[in-house]
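Protein chains: 2
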Amino acid sequence: MKAEYINPFITSLGTVFRTMLHCEVKRGQIGLKANCQPNYPISGVIGLSGNAVGTVVLSMSEQVAMKAASTLLLTEYAEITADVLDAVGELTNMVAGRAKSQLEELQLSVSLPNIITGQDHDVRFPSNVTPICVPFETPWGPLTLEVGLAPVAVPAGA
Amino acid sequence: MKAEYINPFITSLGTVFRTMLHCEVKRGQIGLKANCQPNYPISGVIGLSGNAVGTVVLSMSEQVAMKAASTLLLTEYAEITADVLDAVGELTNMVAGRAKSQLEELQLSVSLPNIITGQDHDVRFPSNVTPICVPFETPWGPLTLEVGLAPVAVPAGA
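Just so you know, the protein sequences line up as chains G and R, in that order.
Numbering-wise (the numbering used here), the first sequence opens with residue 2 and increments by one.
Numbering-wise (the numbering used here), the second sequence opens with residue 2 and increments by one.
Simulated from the structure, these hints should not be mistaken for lab results.
As the structure is a prediction and not an experimental result, all values here were calculated from the model.
It is possible that part of the hints are untrue.
Each pair of labels, with its calculated beta carbon distance range [what the hints assert, rightly or not]: (1) R/Glu106 x G/Asp121: 37 to 47 Å; (2) G/Ser102 x R/Ala4: 28 to 38 Å; (3) G/Glu80 x R/Asn129: 18 to 28 Å.
Quick partial rundown of chain R residues pointing at chain G, CB under 8 Å, derived from the structure [unchecked claim]: (4) Val46; (5) Leu49; (6) Ser50; (7) Ala83; (8) Leu86; (9) Asp87; (10) Ser110; (11) Val111; (12) Ser112; (13) Thr118; (14) His122; (15) Asp123; (16) Val124; (17) Arg125; (18) Ser128.
The beta-carbon is built from N, C-alpha and C at its ideal position, and this holds for glycine as well.
Generate the whole structure from the sequences, applying the supplied hints.
Encoded structure:
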């Protein structure tokens with residue numbers, strides 16, 4: 002994917018965390034997925050389609066998920082509940098939604114967020130797509146943003 | 002989601018397995034996710050957007066993934082490699098791609114397939130979406146198809 006496409010997602014993540022969670026995030030070194038951290042145990046995943054196809058993955062520790070959900074939903078969560086996982090999905094949706102409006106030439110639409118759980122899970126992209134991985138530090142712990150975008154292929158079955 | 006929306010995905014899965022993998026699948030009891038099997042260790046996930054938003058999840062054992070990849074790529078795989086995972090993503094893409102052409106009124110486009118690995122992983126949908134889960138038996142072992150679709154919401158940030 003073109004490197005400049007990552008910037009709207011980075012900006013969007015900062016804005017969503019600042020405005021929705023009153024939380025300042027600190028960006029680390031941008032890299033390709035192979036050099037980045039593994040996924041944390043909770044990942045929000047949302048698809049993008051339009052003049053490119055892709056995926057946004059927001060991966061975080063249980064601590065970050067609980068703190069983010071507590072702030073977003075004004076309720077204290079001390080364990081991972083359906084509400085906490087919904088909040089992770091909604092944050093992923095907001096990050097993708099804000100970014101797509103800054104990538105007008107790609108005419109992106111977003112799909113439904115899914116939330117992947119499991120200590121050792123990994124969210125992989127097809128081998129021909131190299132996602133860009135951006136680590137962030139929050140006051141609650143680390144999280145990673147991954148974005149992979151590919152040119153539109155001929156639809157399967159067409 | 003409307004129950005009739007699941008049928009194109011079921012038909013598509015049968016057609017893809019028959020034509021691409023020379024493999025007859027046997028459908029089990031359609032259910033809601035809560036009553037269905039847990040995810041198998043490898044899941045292909047692809048987003049849908051258009052006049053509805055959603056996700057297709059194709060979840061299978063390592064054995065089914067290796068056998069499917071071996072047939073699709075005409076190479077014998079005895080372990081999980083990047084090629085095997087790519088094949089799972091491509092199968093998921095084909096199932097979603099064929100189904101969307103039968104759901105013209107939804108004007109769906111598909112995103113990029115991702116492949117989730119991890120023995121205990123789970124692919125969750127937002128609480129307000131109840132995915133339909135369809136178990137299948139193949140000669141290589143079981144797999145499940147999950148489809149969740151929701152009406153389009155106002156985009157985040159709009």
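Which of the listed hints are not met by the structure? none
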